[in-house]
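Engineer: Residues per chain, in single letters:
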Amino acid sequence: MLSLGSGGPKPAKPSFVSYVTPGEINSEKDSSKKVEHLDLLPGEVVFCSATPVLRYTQDDLSQRGVFGTLLCTNFRVSFISDESPQEEVAQHFKNRLYGENDIPLSCVDQIYGVYDEKKKLITGGQVKNKYPSKIIFHCRDLRVFQFCLTYAKEEDGRRIFQGVVRHCLEPKSLKCVFAFSYSVPAKPVLQENQRTVMFESLEDWHQEMRRTKGDCKPIRDNEAFEISHRLPKYFIVPAAVETEDLSKCEGKGIPIWCWSHHSGCALFKMASVPLGQEDTMSQSHMERMLHAVAQNYLYSVKTEDLTETLPTLQDIQQSYNKFKQFFLIDNTMDFWLSDVKWFSSLENSGWLDMIRQCLRKAMEVVECLEKENTNVLIMEEGGSDLCCVVSSLVQIMLDPYFRTMVGFQSLVQKEWVSGCHQFLDRSNHLHQKEKECQSPVFLLFLECVWQLVQQHSPAFQFSETYLTVLSDSIHVPIFSTFLFNSAHHKASVLQAESPRSQNEVLTCPPVWDWSVQFDCKAQDFFINPLYAEKNKPDKTQRKTHKPKHQRQLSLPSSAFKTPPKKGFFKEETESLKKMLRMRRVSRWLVSPDSPQASTREFYESWQRKPLDYHGVLLPCLDGPAMRVWMQRYLRWIPELQIFGGGAIAVTNRLAELQGEVVQLRRELDRQGRRENKPDNHRPLALSRSSVRLSSSFPFASNRNWSFKPVIPNSRLHSIDVTDNLANQEDEATEAFTVV
Amino acid sequence: MEKQSSGSDSPVLPAIPNRKPRTLGVNPGSRQESVDSLDSPTGSHVEWCKQLIAATISSQISGVVPPEAAARECKVFRDVQKQMQTDEVPLVPGESVRTTAKDVMYICPFTGAVTGTLTVTDYKLYFVSVERDPPFVLDVNLGAISRLETISVQSHGENTQGVEIVCKDMRSPRFAYKMEDQSKQEIVGMLTKYAFPLSNDLPLFAYQYKEEYPVDGWKVYDPVAEYKRQGLPNESWTISKINSNYEVCDTYPALLVIPTSIQEDELKRVASFRAKHRIPVLSWIHPETQATIVRCSQPLVGPSDRRCKEDERYLQTIMDANAQSHKLTIFDARQSTVAETNKAKDGGYENENFYSNVELNFLEIPNIHVMRESLRKMKEVVYPTIDEMRWHSAIDATHWLEYIRLLLAGAVRIADKLESSKSSVVVHCSDGWDRTAQLTSLAMLMLDSHYRTLRGFQVLLEKEWISFGHKFASRVGHGDENHANSERSPLFVQFIDCVWQMMRQFPSAFEFNELFLITILDHLYSCLFGTFLYNSEKERVEKEVYSKTVSLWSYINSQLEDFSNPFYVDYENHVLYPLASLRHLELWVSYYVRWNPRMRPQMPVHQNLKELLFLRAELQKRVEELQREVSSSHSLSSSSEHTSSPSHGGTPLHTTV
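If you read the protein sequences in the order shown, they are chains Y and A.
Numbered according to UniProt numbering, the first sequence spans residues 1 to 739.
Numbered according to UniProt numbering, the second sequence spans residues 1 to 657.
One chain only, chain A, in its complex shape (with noise of 0.2 angstroms):
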């Protein structure tokens, strides 16, 4: 932060980008330094006593303050009365402030334990000490919260409380002071009540947010748009509005892209043999062979191999759409033991000897309680501190990045079908929410260039992601204050990590950057906008989100510069197949480490690439000046300097014009 802030004034360059993802509304110029702490709350818990009761007896919370200090205070204060206007919380329109509490300390696993005051609103917490300089902030969206923790312990007489915000972005930081004053003994339960507003009969946040933007995202995703953008509907297939009410099935969207020529009662009967009703439906179809992508939930088979005619000469009817292959492959994600298991609890998986043609593979994803231990299991290898010797073995054992690498492949495999082998593919898992929307996603990623820029993108996640009912109330669990909900778990950054991945292995071929990734992640928490909240379409629409809340897009969509990817070539209609290897797959440091300050990128690569595209529009506007006064004589002197200076290849950058 001090960084930032210094590396600022170097007036010549363009702004520079923020070098750390920043979050809307909340103090736009410096984000927090922040921190984080064992998650796992009885291990750490001793230690914690022992940081508590040393900070406590240590430091300037008792009171008792050096002669050194103290003249550094004396200091403090006069920058103080200069500083009341940065001393303010920045709120957000919409917000309020809570409860302020000064002389807490927050004990920075980084820095040192810092004293200051804290805020708490009801969308943020806000603290601020101008014991340093720059002044230290640390902001934490409410919503990123999953678990308080608070912990008393009696030192001189005097009780001293420490809280400890475990987050769901990867920290947890830890504060500590005296319980001497009301809005310190405020400051728990304005805590609880604020970041779990729904176990408290509270609305989310997005409710009270009013801040207006000239665009709005909720226009983003127009299904019909996106279809006929596909070339849907076709003599094939047909946008359905049998879903209209949610009646076939609550977790689907009402629009649907459905074959032509199935009838409404059969449609009934495969959605009863379907797993909360969701029948195979087209996500994507190929524009040249007219392969598609289908997703839906298991089949009901049960443990005695039930078979059902209209699910059978359903997928018939899919593959025989496209007239390019005569197979039809099914992706089932789960691992083929787990499917099995599923069988005999009325799921399963389909019957090659049912269903002719059809050809079914196993992709062997473990379930999400596999991928919420794994990420669990990488806060205690990333926070608060990095064991650097033994880094890559940590981190193999977390698996992260192993089931990385198997969503991947298993994307990569689902892509070549309908690219290479022309035959259209079905996906499902058990109920075709969270590793269907990951997989149909990414190879829709890898498939189709226009979800590779903004706005695509963003119709991507509309699409597959939320009006598909991947439940993003339980698996995130926003205002919910029930942290050891097994509904819970990080599909969605497990997605975005992948799209990351592949950011990386092709570096120019995503309209958007990596702060574009981050700030979708840090709003899939914040309840700062309607677009990730509730489970489905039927829900939101009830709950009047559209109407009521602002959609993330608006956000981004009114500052796209801020997202783009200045290296961005059209790859056109070149299919990207990211090589599924661990020799490729990296750590996403700048998501999951990123409050170690120790981590923080250095100036951005792309900042000289901005200073040469700044540089280009300079010279051409100044070559077609030239031409356009050609014909009297010019005295150039000056700039001919420039221009003789050796170009051997590389040409400095940093030439001033």
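Just chain Y, with the same shape it has in the complex (with noise of 0.2 angstroms):
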């Protein structure tokens, strides 16, 4: 009946012991009045609930824990305790749309249920009449929930447990996510000047060529999506690509502009057309794109198939699949057995790996572009996973506008909710049975940046913990961002929705939009405070020294440069290859040597070079410079929390520093106007807490921290050292000394 837990850890707990008599347990509590406890959001319903419930605390084996109720809603689960919430610990940074003690639907992982002292994975689609005495929730944010039904009415335990596996893990249509149902009144649209670049209109595209300083041609032939469903409505393509050539293979094998270099070279993506097969008609269509791309600036053309040299989606999945179980943990006593395996499991799970090749194959093309001046063409398949991260990744690594919160914004609508990026399949939020879509493509992304963010802080206007809040946005269904296939899906879903909501018009705001979820003072935390603001006034404006359009006058030069001794890029279809000799246009790189050896020349004569955090910023790949983001990761786990200490105590520090700079500048401006005008705006005052914050702050702040220190679990004996080292006596001079 129920499938069993893939290989999940037999419970090595002892026996639920209550603190609780039976008769303490308030079981005639009016669970409709906890509803009201509960600020439903507008537009959300109440499934069911159950109550009493107890909600185990995470922080011991004592299994100790807090009555209240748990609920399932149309957006989530929700438990709401008992106890009447002690005196708020002043809460820096609360969600607007769930609290702590929520899972959006969307964002629940797994379910096990115990069953008689057994962890089973609980599968949707099969009629439960046993509800198990024990619910856990694996959530998407790592968050890790338990509860115990068994002291709810029998009912109430069944229809809770029923509900919360329809709601959470059974397929669902789109019209079910709660996005569709969240209604409130639009809001005006974000600050003009702050705005983020949303690509929707063909002006957006115009702009960024102009930003740029590109020269390709937009196209405005998608409109109605006649070219194909899986392109946006504007996209630009290279100023030699001819209109029939767009309908050739629906909307695939088209060469879609990316970004342009300040030397005039550019960065293309395509979804590939397959090859290999006699097909004369693709392959002749490949040959005039491929010319497009390249004459287009009279450049050398590198084409790259991240599809065969770049992680598969399954192989992301599954690597994400076991390292995300480090953090998604039971109890004290599997932490500790895990803790002694760290580095090993954490190399196993390949996830750090996975994200290094993406790193290094952006570093790649970036050599290509910076170095070589080079156009470049990624492919894969569809087009709209690797390539994503790829030109992304490419992109905040060559142009600091990406690397402000804005820019990294509009980066994310143009390459990957305009590039027609799956977020919908990838995160499987309709719980589809096929699962080979599912893939976190977007998160490794986003671990990508973390990596640079870490690496090169200043560098950045957004801070770790913006990339974390993004990372959990995902699950959060009522943003357009992440809810739909492609332009066209969207198009079509809302076309759809829209009779019935005549009246009212649906909200499904982006996720940019901030303050659906944080109030400002809660924003302030996206913001680094160590970023390295560029003095000149207009930011947006990369820098271009070196004068544009000059192509044309070193076109023998660069257009037809010898090639390198080394490159990595793989060696095309023998078609291809020759028709390009033909035209002398491109540089076909034969590559006897590794990959890793030409991106590590051409890091190290980057480093050697003074750090410009408003230039060219590469990733170190090495070993001990790919680490484990720890604030996503690690924050939800008590053991794991530093009291008083993490990277928050210096944010602290600087943002107390900076607050006082401000309130100087503030006083100096105050003074010189001679005015009395109260100042009222307060700077993230925090000031002198940090020895009461914890390292997971700003998440997880409203807990309680105890002053006990974590002492690992002496049980485990951890190492064994075998070699006779150990048994030589210690420190017995005479014994040892060799004269």
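The hints are simulated quantities; they were obtained by calculation from the structure and are not laboratory data.
Treat the hints with care, since some could be wrong.
[Said to hold, decoys possible] Each pair of labels, with its calculated beta carbon distance range: (1) Pro610/Y - Ser152/A: 52 to 60 angstroms; (2) Pro610/Y - Arg376/A: 45 to 53 angstroms; (3) Ala254/A - Lys609/Y: 55 to 63 angstroms; (4) Leu611/Y - Leu613/A: 17 to 25 angstroms; (5) Lys322/Y - Ser199/A: 50 to 58 angstroms.
[Said to hold, decoys possible] Incomplete in silico selection of chain A near chain Y, CB under 10 angstroms: (6) Pro109; (7) Thr111; (8) Val248; (9) Pro366; (10) Asp396; (11) Ala397; (12) Ala415; (13) Met446; (14) His450; (15) Ser508; (16) Tyr568; (17) His574; (18) Ala580; (19) Leu585; (20) Val593; (21) Arg600.
Beta carbons: idealized from backbone N, C-alpha and C, even for Gly.
Grab the two chains, each in its own frame, and use the hints to assemble them into the complex.
Structural biologist: The following block contains the structure:
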């Protein structure tokens, strides 16, 4: 009836011990009263509830917990504690949509049931008559919840269990996603000057091309998705691409412009057309496209098929599944057991290596654009997964604009949303059976960005908290950004929805409207206090020292430059190669050397130059430099909270200083103008409190941290030093000194 | 290195703090580009030979210079004329050049072979090559040398010599040169002589070093003042002079804090029951609860479970001195099996049946040999190159971080006993000078914020390590050529690593910075200062260390700015419990892997903060000025432009004032 948890660890726990006698349980409490406690969002409906339910506190093995009510709504699973909320610890970082005890339905990753001390993975689609005594939630934002259902009335217990399983695990239609019930009055658009470019209009694309001094051809033929459903309404292609080329291969095989380097060369991406068979039609099409990419700038072209050189979507998914298990920890015992094997298991998951591979590929492309000034065309089967990862990373490394918050958001819009990344399928919000679709590609991208952020923190305007929150927001089923598979998908869904909601407009905000989730004060945490802002007033303009469009002048030298001795771009199919050789526009590099050596060289020569946070930024990919995104993965694990420590201690000190500087400036200003207007802007005032914050700040901030230290489980005999060194007389001088 | 020098040409900014540790007196501006290689000579010998032959054949060492290179050479020659100044070996006062050899090739594993001039002084090895721009410099303190390996290769009828300098600080630079003239034949001899002066009847360089500093580091630690700070003596504890002639215990300091009620004859009997006569003495007392950290060596119970009434009473007295608890906890740092083995060899551990209300815990920390082996493996992992694919499992296999975790966990348990259970603890291992020092000093660092200051940390080292007889001379092997001595072990390095791990977890709780720790470790080996020389206070007095050598703290305290942490916030009486989980431990890359240029840190974060501090000071000054002349009308239109900048949370750090 129930599928067995895939290798789910057996609970090594003592049997449940209640610290409360049954008489103490106030089972008469009206659950509907509880529901009132819950601040329902507009459009939110409660499906079912059960009370009393015991929520275990995660902190220890004592099986202690809090009684309360467990509810399931069309938006979340929520637990409301019976305990009157203690004096709220000043919460700096409250999400307006859901609290620490709420799990948005699509944030539920896996549910385990404990039946007679056995932990089993629950899957949707089956009728469950027998409900477990304990239900464990593993969330996609890495929280773990454990509830005991045995105190509630049997029917309530069964109802809530079945409700939760149905709404969290079973396939559903997109219309059932909360975004389509959520109705709030439409908000005014974001501030004009700080606006995220959505790339939903032709003008946005024009503007981007002007910004990068690109010279390609905007296409508006897909306004009604006639060319392809997998392309946005507007996009940009090389000037030489003809209109009839566009509709050749159902939207595949069209080089889409991503970004232009100041030298004039540019980055393109493309959904590859299956070659190999004697399909002369598509071959000649490809030849023409390549020629278009090349001739456009009279530069040589490098192509890279990411499908063949980067991990597959399934690899990524599998690796992440292994990786996340290290952080979804049910109890202290499991924690310490897994701690001993930490480094090796980390390596075995391969997740860090996935990140490294993406970063390395991006570096290779950067090298082509920056050092060799060649055009680059990256391809992959759908053109909307790893292409997005690589092209976005390349742009972040090369263009400081994308390291600002607005720039970064615009980049996600440009490459991911407009680029038709299949957010819905990749996150599998709807629990469709075809698991092959599911893959944390966008998360992988954020992981790569995080590596860059932690290596070159002052180069980024946003903080790691911003990235963490963004990674959480993928699983909040409200944002248009993450709900659709393509522009066409979005348009058709919204169109289908519109008759129903004639009088009320469907509000489906982009995730970038951060005020939906956080107030201004909380949004302060998104800003990196160490950001080395450019002194120039207009930071949106990339510095363009080099004169543009000098390619006509430099044509012979740059177009037919001798290839460097090393390369890493793999050989293309024979026909293409022949063709391109004939036309003498390309440089096909046969690479005898390992790709690593070349990127390494590139990195080293970059590293020797003085570091410019507004110039090219490269990541160090060596073993020690690749780290685990501690904030994202460790924030909820009580054993890992450093009380009074963590990066927040530094950030806090900086914020404090900055606050003082702002105050001083205002004071100066005020005195200069001899005004006496009182000053009411208080900058991030956590001053002097870092001693009381934990390393997971600003997350998990309203938990009560104990001052008791975490002491590793002494039952573990950590190391078996088998060699006889351990038994050597340790400090007896006489015996062992070799004279 | 190149990056650094070119990076410093941004004149607007305040001086950029050195990216790399600066070794005192050695070319302060730019430190070496350096290397290491495999430690085990046998395994890597073949590879080393090949390398040597390849280098010999391929390069300028053979005198045949390709035309292109010749052209460059001319330029270089002109540069040399210009650079005669920089070409000179920077010397510290008291240092003298012993030999200089030209056309020596340094085989750098990171940037390839480079030819230049090698100088050996009585303090360091100094290699400079003007082939590269900026000049390539490598220097190695002779004190850091563990072993010299030489190798000869016949090629083209000439005898090429290779020298591998295996260092204690995780590198092994390799040189190659032709045995053509006198100066080159001298290299190895001079290196041997001055790297291992004690084996060659020469004094350690610290006795020659003549630098004068404005402050006297020997005054940093005054035991009476330190005990007074802790509130001692009090009614239960006294500062005893019983060991003033080092007669009770020759590895203990002259001043000891012992229970007031203990009589001298009792004490002597206790001493004879404790290994090396290292009786239980107070290290630290909790200001509120009077719970104490007491350190000692193992009791000599032997296989027959000997008892010593005086020792039992002594521990009872220690327990009674703390009214808050009726228990005493003994932490034996060793693995319980090893402690058992020790019992058979006349050592052992306290029997809980004989000592009333005593609880004995083993912390299961392996011995010095295991630690030495662990660090040796680590050197193989980080040198000269890193296998990035297998980095984590390779680090796992060294167990180094696992041992760090054990130490931190042990110290946390000790600190927690004092803080939460309010009971006194006794810490010992076998002799009480290695793991005991690690544990007591770590626990003290967690409990007492004073030790997290620059001065306090110096006191902590002087007290728990130096005065209480951690055998620095034996563990480090200062000036001794016997590299295989099993007494050597990087226990102090391991301790400093633990401190670094704590610093990482609590980045604003320490007044000192990473450079401070690295500097301490560099001078642990350098023999430039007297601080870490010899095994005990007694020896130091005999060798007149305090009068004839300079203290490391003289140097450090003369330029505290360089060693202070700009993020420092006084945590006052907060107890810091580091997390002893591998998920929060990390390899100290900027120490162990610092010779790898790829691992050099980018612009330190401190840079921004220093600018910010500077900016704040400037602004404060200006506000004050303005307030003074507030009555007069002032046009400050220029500054108001800046203030109107949007301040959505983050404020630009780099806006010009």
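Engineer: The structure should be examined with respect to each hint, and the outcome stated for every one.
Structural biologist: Here's how the hints hold up against the structure:
1. Pro610/Y - Ser152/A: 52 to 60 angstroms: violated, 43 angstroms
2. Pro610/Y - Arg376/A: 45 to 53 angstroms: violated, 37 angstroms
3. Ala254/A - Lys609/Y: 55 to 63 angstroms: holds, 56 angstroms
4. Leu611/Y - Leu613/A: 17 to 25 angstroms: holds, 21 angstroms
5. Lys322/Y - Ser199/A: 50 to 58 angstroms: Given about 53 angstroms between the Cβ atoms, the range holds.
6. Pro109: violated, 13 angstroms
7. Thr111: holds, 8 angstroms
8. Val248: violated, 20 angstroms
9. Pro366: holds, 5 angstroms
10. Asp396: holds, 4 angstroms
11. Ala397: Since the shortest Cβ distance to chain Y is 8 angstroms, the answer is holds.
12. Ala415: The hint holds - Ala415/A has a Cβ within 10 angstroms of chain Y, the shortest such distance being about 7 angstroms.
13. Met446: Interface hint status for Met446/A: holds (9 angstroms vs cutoff 10 angstroms).
14. His450: Constraint on His450/A not satisfied, violated at 16 angstroms.
15. Ser508: holds, 4 angstroms
16. Tyr568: holds, 8 angstroms
17. His574: Cβ of His574/A sits 6 angstroms from chain Y, so the hint holds.
18. Ala580: Since chain Y brings a Cβ to about 5 angstroms from Ala580/A, closer than 10 angstroms, the hint holds.
19. Leu585: Check passed: Cβ of Leu585/A comes within 9 angstroms of chain Y, closer than 10 angstroms.
20. Val593: The hint holds - Val593/A has a Cβ within 10 angstroms of chain Y, the shortest such distance being about 6 angstroms.
21. Arg600: Since chain Y brings a Cβ to about 8 angstroms from Arg600/A, closer than 10 angstroms, the hint holds.
Hint compliance for this structure: hints 1, 2, 6, 8 and 14 are broken, all remaining hints hold.
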